[in-house]
Each structure stands twice: as C-alpha cells, then as structure tokens.
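K.L.:
These protein sequences, in sequence, are chains A and B.
Quick note: the first sequence uses the working numbering, first residue 1, plus one each step.
Quick note: the second sequence uses the working numbering, first residue 1, plus one each step.
Since the hints were made in silico from the structure, they are not lab data.
Computed from a predicted structure; not experimentally measured.
Any given hint might turn out to be false.
Each pair may be met inside one copy or between any two copies, as identical chains are not told apart.
Said to hold, decoys possible - List of simulated lysine-lysine pairs, DSSO-like, C-alpha gap at most 30 Å:
hint	residue 1	residue 2
1	LYS313	LYS3
2	LYS91	LYS351
3	LYS313	LYS369
4	LYS406	LYS316
5	LYS406	LYS268
6	LYS351	LYS186
Number of protein chains: 2
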Amino acid sequence: MKKRNILIVVMDGLGDRAVAQLGGMTPLQAASTPNLDWFARNGATGIVDVISPGVRPGSDTSHLAILGYDPYEVYTGRGPFEAAGVGLVGKKGDVAFRCNFATVDANMVVTDRRAGRIKEPDTGELVSVLRDIRIQGVEVIVKEATEHRAVLLLRGDGLSAAVSDVDPHDETKIHECRPLRPEATKTAEIVNDFVRRSYDSLNRHPVNRRREQSGLPPANILLPRGAGIFPDIVPFNERNGMRGAVVAGVSLIKGIARVCGLEVVEVKGATGGLDTDVNAKADAVLKLLRERDFVLLNVKATDIASHDGDASKKVKVIERLDGMMGRIREGMGGDVVVAIMADHCTPIELKDHSGDPVPLVVCCEGMVKDGGVAFDEASCAKGGLGRIRGKDVLPILIDKAGRSEKFGA
Amino acid sequence: MKKRNILIVVMDGLGDRAVAQLGGMTPLQAASTPNLDWFARNGATGIVDVISPGVRPGSDTSHLAILGYDPYEVYTGRGPFEAAGVGLVGKKGDVAFRCNFATVDANMVVTDRRAGRIKEPDTGELVSVLRDIRIQGVEVIVKEATEHRAVLLLRGDGLSAAVSDVDPHDETKIHECRPLRPEATKTAEIVNDFVRRSYDSLNRHPVNRRREQSGLPPANILLPRGAGIFPDIVPFNERNGMRGAVVAGVSLIKGIARVCGLEVVEVKGATGGLDTDVNAKADAVLKLLRERDFVLLNVKATDIASHDGDASKKVKVIERLDGMMGRIREGMGGDVVVAIMADHCTPIELKDHSGDPVPLVVCCEGMVKDGGVAFDEASCAKGGLGRIRGKDVLPILIDKAGRSEKFGA
C-alpha cells in the first residue's frame, strides 16, 4: 500500500452536554452539518477520553495526547508552551512561566491584574529594560506575548518547575513564589528576585509615566504563573517518521507544536478568534497535504463560543466549520486519512472544559463502515471505533496510513 | 458452578478492511457463515486490540497476548519461538536466531538468499557438520527447520539478544553482527565466528558438491536473524491452573505454545497451509476438550489467502472454517467456553498485518446476549463486549469458566 498522508482536525472545545435552550440537544446535534455527517457515513466514529475518563483536559495536555505524547510524562505546566507560542523555544531543562503585566500599589497589592489591558507596542518597550539579566548565574529571558501577557524563561543549572504562582489571580497582595519541593528553593528565590526587579525597572519607566498621564494604570510589575519545565521530548517527525506541520491561530497550540518539533505554518486570516478565516485555513491545509505527511489543524472558534456560554453562537460556529470541512473534503483527494475530533468538551453549561469524552470520526479508503450517519456526541458513542484514549488516536491513524511498524513477526 | 473447559479458536489474519471487489464488504462480511453467526447470536461479540490500538501485531506477539502474557515483557525477537517450533526449546537466558541457508560468493555477497529453496534431507545433512561446536565457552546448537530455514541456539553465560541481523535480507554482502548494546559484544562475536565457521564447513561439504553438479546453488552459509532471548516465563498451566493444549499447523505457533509450557498436539493433515484438514483439526479439538481444561486452535489458512491478496480465496477459506466451527459446535457439548477471534487483521489491500482491531465472539451458557446476529468486523464493533485488549481475553474466559480467583473478599 502506498503511504497515505494524515490530517487531524481539532475543533477546540467542540463537545458539549444537553443544552435546555436547544431542546436537550448538544450544539453539535442542533447544527446542520452535512459535511461532518458525510465523514461519519463514509468513515467510522467513536468517542475519545483525551486524557482518561472524567479528566478535564487543558488544550495543552489534550494536544500533547493527540500528538501521541503522554502528557503525564512531558507536561509540568503551561509556561514552556506559552513561551514557545511566542517563539521562545527553550531547551530541555529550561523553566518557563506565563506572566501578566499588572498594576500594583506601593504595598504590592494588585489594583489591576491586566494593567488596563495594556498591549503592544507598550509591552515590547517595557520588556526591553529587562533584557540581559542574570540572577544567581541563571539566564533570565523575558518576551512580550499577546495583549497584557508576557513569558519568562530561566536557563541554567539546578532549576525546578515545582514553584508556586506569584500572580494572586485576584486584586490582593502578590504572592511570594514558594518552592513546592526542596530542590526548587533556588528557582523560587530567582523568581522573587525577578519580580522585585521588574517592579523597580517598570515602575519608573517612561512608558508608564506616559500611561499615567493618559489616565491609564501603569504596567509596573510582571506576575509569573504556570511554571513548567521544557521536556526532554523526542521530536514528532523523528518519533513517527513523518514530516508534520500544524495550522493554528492561537499561540498556545503553536507553542505545543514547536515544543514537539513540528513546523508551524502561519495562515493569513487565521486569528484564533471567532472571526478566523476558515476558508484560508482549509486552503492552507489542502496545500500542506500535498507537501507534508502529517497536518494538524486547530480551530479555536468553537471553544470561544463555549466559554462565552452562547449556545446559538456555538451552533453557528459549528456550521461554519462544517463548511470548512466541505472545502477540505472536495479538495483533498482520496488518499488522506482524516480524523475530526475535539481536544476536550467545553459545555455551554460550564463555560469551561469538562471531562466528557469527545466525538471522533476517522475516514479513509478501506474503512469498515459502522452504519453511523451523523457526527455528534450521541451517534459517535455508538460508533465502530468504540471508546478509546487520546493517545491511541495517532497510532490508529498511522496504521491506517500504512506507516506503522510491526511488533513481532 | 462446575468448572468449564475453554476453547479459543484463532483464525489467523481473519480481520480485514472494506474490499472494493467485494462491494465494500470485508471477506468475513461477504462470506456465508451460518455457524459463526450462530455463535454471535448465542454469545456476545466485541473487538480486540490484540496488542494496543493501531499496533500491528506479529503472529508471535499476538498469540502471547491471547495466552495472557504481556508481549512487551516476554518477547525480544522471533528466534526462540522458531527454535521451539522445531522442538528446540531453550532455557531461560538462551539466545536463539532464525537462519536461512543461503548461497554466497567468495566475497560474502549473497547470490541466493534461499540457496535454491534447499530443503530436507539436504539441510539436515548439512547441519550435522555443525554439531557440538563451542565458541568462547558457549554451547552452539543448530537445527534444520522447514525448507531453507534453520535455527541457531546459543547457551552459556553473558549472552544478549541485542544484536543485529547477519542476513542482509537482500542479494548484497552479508552484514556483520553488531552489538546493539554494550553487553551484547560477546554474543555478536560468537555469531560472527559461527557464520564464518558455517561457511568453512558448508562450502566444501559433499552435499553442496552434489548440488553444484546438479546445477543447484550450494547452501554454503547460515545467515542468522531475529535474535531473541528465551524468556523467564511462568508456564501457562501453572499460571492459570489449567491443563492446556494447542493445535496448530504452523511451526511458529507450536513454538509459542512450547515456550509457554503448553502441550502441542500434532494432528495428521494439519499442514498450516490452505490444504489443511479442518475436519481433522475439529475432531482433534473435540477429543482434547474431553481431556484438557484449555485448548487453543490456530488455523493459518485465512492469513495465507490474505498475504496472497486474494479476496475470493479468503472468502472461500472463511466458509470452510465456518464448516469447521459447525462441526465443533455440534460435537462439543454445552459446557465449554468458546472464543473465536483473529490474532491480527491481514487486509487484502495490504497483503500484510494491520493494526486494526479484530472481531471476537465469546459464547457459553449464561451469556447475556447482546443482540448481535453476525460475526464480522462491523457487527462485532457494536457488540456487548465493547473494545478490549488482547491480554484481557483470557481472564474473561477464565472467569466465564468458573476458574477465576477473587481479588478481595
């Protein structure tokens, strides 16, 4: 058999629960999805515990599982993936944090956790005074991220990610960074020193004087959280013998791709928002499928509508994504193994991720049809793929693509 | 409850994918299988990831899993099972290889990887000059196998199976055996020495002079491959408190049975080929079920038709095996726990094993019927047993047989 290429489409937060205002249907059941249903009729469906039953995945841990990694092995915190998302790809052992630019008073009480939703170019100008710092011999790298966010990366010997957040997640006094294990004492000291220095440098910074003159809160401190260590990870391409690429609008998914050694392909109009250009994404995927062995496409819009708790908006987004899948279906040719799934459910009821299993359809030549006629949570639960784990999805697709190794003889 | 006996019927390579020339059906869907369907109606069905989802099993690793062992613990390579297949059952720590009798020129370039498909009695006569060798204090045992094959067993201290193949698998210069881990250096040296000695002894052997006079290529070297170590395995009977037997035509399955301490019952007419006498196999199984607690029957013919890529032949073989199951059903009496399954799929499309799950039916008194009416890949995927792992099959059968231990009180 000729080796086939693989496409995984992740509709972020797609899965849901019964929604009263949709007459007890899920948004995916309520939406008109002729293209998704075509995949269900021509493929086989199932449901996936992306991590394990009842476990609520983040978009980071879930994508790691979908890419075939064990998140319990490679994930210690969100920091490294956020850092890689803005292009700061660390080395094994580097410790990274997400940070907020925030406003504090002289007593270190937070008065605005987002410093008036400051953004570039102010944030870029502010971090420039924090360049080329070393603390206790450790290299300290800061980079601005989207809006009021930044990332902090520590590089040196004897670092640990087992430290608590400085960000109090509320308008109260900032927390001291505490070691959660004895070996993290040095790291905690470095973080506390960094936070103090960020205040000293930023509080008197011309950008903040300008902001105060305009009645805006000064971004006079950086508050780290979500410490994680860059994992010792076998790159995706090496591990799977495929040349892979990822198309995603949101920074976090790009970061995950980069940490896994996958190429991130930027698509004009792919914003990671509700306004994302799904046709541009479809066309980028179709082009990549001719040049790469593996493509993962993430579309965030479903998750955004879910976090907003807006059922009818979620239905509309799903219908737009169905159109995108029609475009992909018509353009892709017959020799692709396609999987469509969610990374986690984000029920309208919760406005947050849940541990419910997500729907999955796998479609390619030679699939034994399972009689499924619709792609939704209930239909997929009756499908021929049964109930599987997130980390099992990629091996199944690799086998369908004629790319699996035999175990034994 | 009276303890019941257990029968597992493994139809080798039975599972398949949708085949275009069968109108998108699998061979098992296309075949007329009234007896297999009887088991489905009267039992419960499911699908099995014999190793784990998407992993392509060999017949060796899959049978180990079906016999309840973890192949990742006990399997290092095919050598030991091939050796045991021809009656050379090693002890824990012995290292065994499969070998080909091959033809090489004076530069050690392979000119015929099968030495003109040499077979017994020539092979038996040739190995006799390699008897009673010792290299570096290690006992070296060689035995002829089917056709152009032989097995090599090393017994002594400090051996390792982490060595590369000498057989280049192509008509090119033979490979040097290399240690894949530092502790395998001695083993690699012994293998290289053995290969040189095999050339020195065989090249001038009267059998080869005779072959050359008849225009046949001389079998002037033995090329080892597939090193594996005899595992430290708890014998099946001891582990499960049952007296078991295996009926199989092919040598490899007999070898697995012997390594697991199971009795291999030879059946006249059970060839391991397409011409195998399925009635003789059925009758042997029926006899054994009166005398043993556990019987595993392997029929290879389905896999052979699959490797040939011949869909209509596979359909016909399945219909013959259905007849065999009719004979077993009529003869076996009511008190047997029967499982029918494949060890792996061998899709016609691939002519090789795939990682697709295999169909399973379990039938005995007291089964909660799941409404299944057919035994095929799609129907079983909807069955009441769900999607399980290969190593879970035996514990389920042992429990149905009233032979399981309680965990807890």
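K.L.:
Broken hints, numbered, in rising order?
P.N.:
Hints 2, 5 and 6 not satisfied by this model.
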